[in-house]
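**Q** The lines below spell out each chain.
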Amino acid sequence: MATMAAPISATSAETSSPSGIWSWLTTVDHKRIGILYLVTAVFFFCWGGLEALVIRTQLIGPNMKIVNAEQYNQLFTMHGTTMVFLVIMPLSSAFFNFLIPLQIGARDVAFPRLNAFSYWVFLFGGIVITLPILFGLAPNGGWFGYAPITTMAYSSGYNIDYWVLGLQILGVASLAAAFNFITTIINMRAPGMHLMRMPIFTWMSFVVQFLVILAFPVITVALVFLMFDRFFGTNFYTIAAGADPLLWQHLFWIFGHPEVYILILPAFGLVSEVLPTFSKKPLFGYPVMVYSGMLIGFLGFGVWAHHMFSVGMGPVADSVFSLTTMLIAIPTGVKILNWVSTMWGGNIRFTTSMMFGIALVAMFTVGGISGIMHSSSPADLQQTDSYFVVAHFHYVLFGGAVFGIMAGVYYYFPKMTGRMMSETIGKWHFWVFFIAMNLTFFPMHFAGLYGMPRRIYTYDAGQGWETFNVMSTAGAYLQAVGMLLFLYNFITSWRSGPKAGNNPWGAPTLEWALPSPVPDYNFAHIPTITSRYPLWDQKAEELVKSESETTIDGRLKTAKELGIPMPFPTIRPLIAALLMCTMICSVLFIHAGNLPLALTIGIASFLGLTFTLVSWLTSALE
Amino acid sequence: MASAAIPDPHHAADAHSHPPTTTGLNHRKIAVWAFIGSECMLFVSLISTYLIYKGRSIAGPYPHEWWCRATNTIGKTAAELGTCAPAETFKPILNIPVTSASTFVLLMSSLAMVLALAAVENADKPKPTGTWENILRSSKTWLWVTAILGTTFLGFQAYEFTSFVHEGLTIRTNLFGSSFFTLTGFHGAHVTVGVLWLLALLGIDYKRGLKPADALNVDIAALYWHFVDVVWIAIFTLLYLIQ
Numbered sequence: 071m072a073t074m075a076a077p078i079s080a081t082s083a084e085t086s087s088p089s090g091i092w093s094w095l096t097t098v099d100h101k102r103i104g105i106l107y108l109v110t111a112v113f114f115f116c117w118g119g120l121e122a123l124v125i126r127t128q129l130i131g132p133n134m135k136i137v138n139a140e141q142y143n144q145l146f147t148m149h150g151t152t153m154v155f156l157v158i159m160p161l162s163s164a165f166f167n168f169l170i171p172l173q174i175g176a177r178d179v180a181f182p183r184l185n186a187f188s189y190w191v192f193l194f195g196g197i198v199i200t201l202p203i204l205f206g207l208a209p210n211g212g213w214f215g216y217a218p219i220t221t222m223a224y225s226s227g228y229n230i231d232y233w234v235l236g237l238q239i240l241g242v243a244s245l246a247a248a249f250n251f252i253t254t255i256i257n258m259r260a261p262g263m264h265l266m267r268m269p270i271f272t273w274m275s276f277v278v279q280f281l282v283i284l285a286f287p288v289i290t291v292a293l294v295f296l297m298f299d300r301f302f303g304t305n306f307y308t309i310a311a312g313a314d315p316l317l318w319q320h321l322f323w324i325f326g327h328p329e330v331y332i333l334i335l336p337a338f339g340l341v342s343e344v345l346p347t348f349s350k351k352p353l354f355g356y357p358v359m360v361y362s363g364m365l366i367g368f369l370g371f372g373v374w375a376h377h378m379f380s381v382g383m384g385p386v387a388d389s390v391f392s393l394t395t396m397l398i399a400i401p402t403g404v405k406i407l408n409w410v411s412t413m414w415g416g417n418i419r420f421t422t423s424m425m426f427g428i429a430l431v432a433m434f435t436v437g438g439i440s441g442i443m444h445s446s447s448p449a450d451l452q453q454t455d456s457y458f459v460v461a462h463f464h465y466v467l468f469g470g471a472v473f474g475i476m477a478g479v480y481y482y483f484p485k486m487t488g489r490m491m492s493e494t495i496g497k498w499h500f501w502v503f504f505i506a507m508n509l510t511f512f513p514m515h516f517a518g519l520y521g522m523p524r525r526i527y528t529y530d531a532g533q534g535w536e537t538f539n540v541m542s543t544a545g546a547y548l549q550a551v552g553m554l555l556f557l558y559n560f561i562t563s564w565r566s567g568p569k570a571g572n573n574p575w576g577a578p579t580l581e582w583a584l585p586s587p588v589p590d591y592n593f594a595h596i597p598t599i600t601s602r603y604p605l606w607d608q609k610a611e612e613l614v615k616s617e618s619e620t621t622i623d624g625r626l627k628t629a630k631e632l633g634i635p636m637p638f639p640t641i642r643p644l645i646a647a648l649l650m651c652t653m654i655c656s657v658l659f660i661h662a663g664n665l666p667l668a669l670t671i672g673i674a675s676f677l678g679l680t681f682t683l684v685s686w687l688t689s690a691l692e
Numbered sequence: 036m037a038s039a040a041i042p043d044p045h046h047a048a049d050a051h052s053h054p055p056t057t058t059g060l061n062h063r064k065i066a067v068w069a070f071i072g073s074e075c076m077l078f079v080s081l082i083s084t085y086l087i088y089k090g091r092s093i094a095g096p097y098p099h100e101w102w103c104r105a106t107n108t109i110g111k112t113a114a115e116l117g118t119c120a121p122a123e124t125f126k127p128i129l130n131i132p133v134t135s136a137s138t139f140v141l142l143m144s145s146l147a148m149v150l151a152l153a154a155v156e157n158a159d160k161p162k163p164t165g166t167w168e169n170i171l172r173s174s175k176t177w178l179w180v181t182a183i184l185g186t187t188f189l190g191f192q193a194y195e196f197t198s199f200v201h202e203g204l205t206i207r208t209n210l211f212g213s214s215f216f217t218l219t220g221f222h223g224a225h226v227t228v229g230v231l232w233l234l235a236l237l238g239i240d241y242k243r244g245l246k247p248a249d250a251l252n253v254d255i256a257a258l259y260w261h262f263v264d265v266v267w268i269a270i271f272t273l274l275y276l277i278q
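Protein chains in written order, with the numbering used here: chain A, 71 to 692; chain B, 36 to 278.
No lab work stands behind these hints, which were simulated from the structure alone.
Quick list of simulated restraints, FRET-style, between CB atoms:
| id | chain 1 | residue 1 | chain 2 | residue 2 | range |
| --- | --- | --- | --- | --- | --- |
| 1 | A | V381 | B | T227 | 35 to 43 Å |
| 2 | B | L231 | A | G262 | 41 to 49 Å |
| 3 | B | L142 | A | H264 | 37 to 45 Å |
Each residue gets a CB set at the ideal place from its N, CA and C atoms; glycine is no exception.
Generate coordinates for the entire structure from the input sequences, incorporating the hints supplied.
**A** Here it is, written out as structure tokens:
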């Protein structure tokens with residue numbers, strides 16, 4: 071282990087890459103796109119958090135009148151939609167983008183321009199779905215948008231339109247990114263980077279991309295049906311025409327349950343990087359961690375109907391889905407056991423990142439145990455649609471996904487920015503978040519068991535819910551304090567944090583062999599990998615070229631000086647993304663009854679998109 | 036640790052070129068397979084919905100049965116409807132003989148696509164002497180044949196859709212209409228994209244000639260084309276043949 075910490079100096083890690091807003095609009099560098107995802111998602115995190123604060127303020131006591139029922143519907147719909155599609159998924163995407171090429175020894179993703187396209191589509195989709203709340207027109211049908219309640223007959227406003235179109239656009243972004251990452255991981259690994267030597271984060275990302283490409287088409291179809299019903303008068307969700315009221319629920323949850331694993335597996339991957347580093351021990355049972363990740367992904371497609379135990383599918387279906395749901399606990403439990411075993415007997419350093427990592431293990435276990443309770447369909451019948459369920463999924467999504475991502479942010483911030491985050495503020499952030507999270511969500515278990523239903527905008531006194539709601543609201547405000555601490559730490563550290571070396575944590579994986587921040591070409595030469603933990607088993611100099619070869623005049627050499635071909639920056643992905651969004655959104659004018667305008671905008675966008683794509687495909691990549 | 040002393044086996048890969056891919060396959064080939072995997076789920080969802088809704092429409096017209104609107108009776112033959120005014124009588128919508136012909140056309144287009152790819156792969160071989168041999172060895176010929184057969188299939192579909200509308204079935208009529216037109220419409224849109232793709236390849240072929248180095252481009256288009264064909268076989272079997 072003595073050999074690992076020979077850093078190749080980050081003396082002058084300032085790369086010569088251009089700055090300024092144009093360089094960000096035209097970037098095709100996976101690291102910059104990762105940072106764009108991170109910053110955008112943090113913004114949406116604050117946005118979705120503010121929505122939650124209004125919700126919690128409304129629920130602090132009985133019969134509050136901060137918002138009315140309609141506003142409340144919009145708030146809880148947008149809180150869920152924002153946190154799932156605009157926060158946790160893009161936060162994971164930030165790490166997919168930033169880390170996957172670095173971890174497998176590649177210079178970029180397989181399709182750098184398509185990668186930029188994914189980001190811009192995500193951003194515009196996020197705007198389409200988020201902006202209407204400022205005009206009181208936000209989607210109001212829940213993040214699950216159950217049809218037929220979201221059909222024209224019951225929701226004739228524009229609200230649901232923004233939701234349908236926004237999700238359709240966001241789906242394109244996720245799918246394009248998934249094809250890109252699958253190709254990158256299969257085809258761009260450095261020599262010796264066998265599948266079973268890949269870092270666990272890359273492995274979990276790999277599984278997630280398959281979940282994306284197999285699950286997103288299903289919600290695409292469900293949304294197409296809803297769109298056709300709303301705009302063209304088809305009957306997919308018209309019960310009077312004989313439609314099945316469960317069609318949407320089945321299609322949505324066939325997507326929706328794999329989506330849960332799309333949200334959590336990247337966080338599992340990040341924690342599987344953090345725990346070994348700060349325990350100075352290889353991950354316990356690496357192969358089993360890989361297989362359990364794959365098994366979770368596979369079983370994730372066979373449990374969707376546990377979201378529907380209360381609709382009356384019959385005892386056989388209920389039993390089957392109860393069993394498959396209980397089965398998923400096995401690979402998940404294996405992961406928990408392996409993380410604990412990784413730490414067992416290790417030389418643990420309690421950095422902020424490590425504390426968030428350990429907190430994930432604990433909090434996800436709490437959420438997992440209430441999940442097992444839901445898997446039993448008779449028990450679930452009592453708990454469904456109550457705050458007990460809200461408590462459960464906030465433990466797995468906040469205590470799991472968000473804590474895992476926070477562990478990742480503190481861990482990888484030095485690699486992204488070249489600077490360290492403050493550990494002092496970081497630990498304050500951790501403890502405030504940890505206490506606030508439990509204060510907010512633990513009482514919800516009791517509120518739920520005392521019968522408090524989800525999605526109600528207010529409640530009468532005397533039902534035994536008041537104390538729990540006060541606690542939850544206090545916790546929510548405390549979370550806001552924690553978030554402010556994080557933002558302060560994030561911004562000030564980025565500006566003036568102490569410089570990080572190449573490998574400030576003594577971490578074992580390939581990305582830590584590179585300078586911080588990483589030069590635009592990543593690897594001056596493609597390393598040859600001989601082990602799962604290259605920096606613990608190999609000398610850094612064997613992995614990347616020595617300082618004398620990669621620096622000149624006290625700075626890092628540019629790609630040009632090294633003779634590395636780099637993709638040109640281009641604005642085309644942004645324009646293509648924008649035109650695709652206007653094309654999809656043109657159907658809004660059909661709802662407004664202005665078919666000619668809809669056709670004009672739609673066709674003009676389509677022609678512009680075609681022109682942009684031709685120009686994109688015929689221009690040189692590098 | 037003087038790293039200069041370590042021989043660098045990858046030096047050649049560094050200068051002005053990309054390192055070889057892990058699998059030896061081109062990136063785009065892997066991406067298109069992933070894309071096709073995703074498309075499978077799209078069509079599985081569409082086809083499943085059609086099958087779930089089969090027989091659930093509360094009003095006709097129906098795919099394989101006669102229907103009398105006035106009495107809302109269904110029959111295997113017109114006679115089973117009993118007395119029903121001609122204006123109230125709706126015949127079975129799906130026309131298996133016509134669709135068998137269009138299915139045959141689409142299947143033959145896959146054959147032409149294979150020959151087009153072979154022609155591009157062999158474009159560097161010495162030219163045969165006879166005119167006919169030359170035509171049969173030309174990638175332009177087979178790309179044209181594929182595109183024209185694809186367009187013929189779309190023509191059949193346009194004919195089918197118009198006649199269904201004349202027979203009283205629109206996308207709004209009933210569950211059968213909604214799920215049928217959406218599913219086959221999605222498939223038709225995929226064929227249209229394929230035809231445009233083939234025309235783009237033809238444009239390149241006329242501009243500078245497709246060489247064996249372009250085989251990958253044609254190969255990827257062919258993968259997509261065959262996939263769209265296979266989906267049609269599933270649709271034809273499940274919607275038309277199985278009653």
